[in-house]
Amino acid sequence: MSTGKHDYLVQVPIKSSALQAWASNRGAHIAHLKPYILDGTIVFGGPTLAAHPKSSEDTIEVRTSVLLFQASTEDEVRGIVEKNPFVDAGVWDMEKLVIAPFMCGVRTAM
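So the sequence shown is residues 1 to 110, counted in full-length UniProt numbering.
Do not take every clue at face value.
[As the list claims (entries may be wrong)] Mimicking SDA-like on lysine to any residue, the simulated pairs with C-alpha atoms at most 20 Å apart in a straight line are:
#1 Lys34 to Arg78
#2 Lys34 to Gly45
#3 Lys15 to Met94
#4 Lys83 to Ala23
#5 Lys5 to Gly105
#6 Lys5 to Met103
#7 Lys96 to Glu82
#8 Lys15 to Gly27
No lab work stands behind these hints, which were simulated from the structure alone.
For clarity, every value in this text was computed on a predicted model and none was experimentally measured.
Using the sequences and the hints, build the whole thing.
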């Protein structure tokens, strides 16, 4: 049994009724993630979109938050996700949270 870190792909839907809460809590969400980004626990993250905006004036409609974690266990990932400000703000549909073991076949530096 490996004791190293593994990749976990996290997908959590953003409630369609919570788009304003998503925008107003995004700063707190990013602040929560920052230490995990800096220590390498979070490799990438961002929302899926209904469509790419055609201009800078277009409203962005977010659908699902997607994050890639490097962690020892799924429970470690779940603990970080559950403490995210988007949970308390009612942005994420936690009943549909997916934390999937993931094996990255190709990875480049960002």
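So, going through the hints one by one against the coordinates:
no. : hint           : in the structure
1   : Lys34 to Arg78 : holds (17 Å)
2   : Lys34 to Gly45 : holds (11 Å)
3   : Lys15 to Met94 : holds (10 Å)
4   : Lys83 to Ala23 : holds (18 Å)
5   : Lys5 to Gly105 : holds (16 Å)
6   : Lys5 to Met103 : holds (12 Å)
7   : Lys96 to Glu82 : holds (13 Å)
8   : Lys15 to Gly27 : holds (18 Å)
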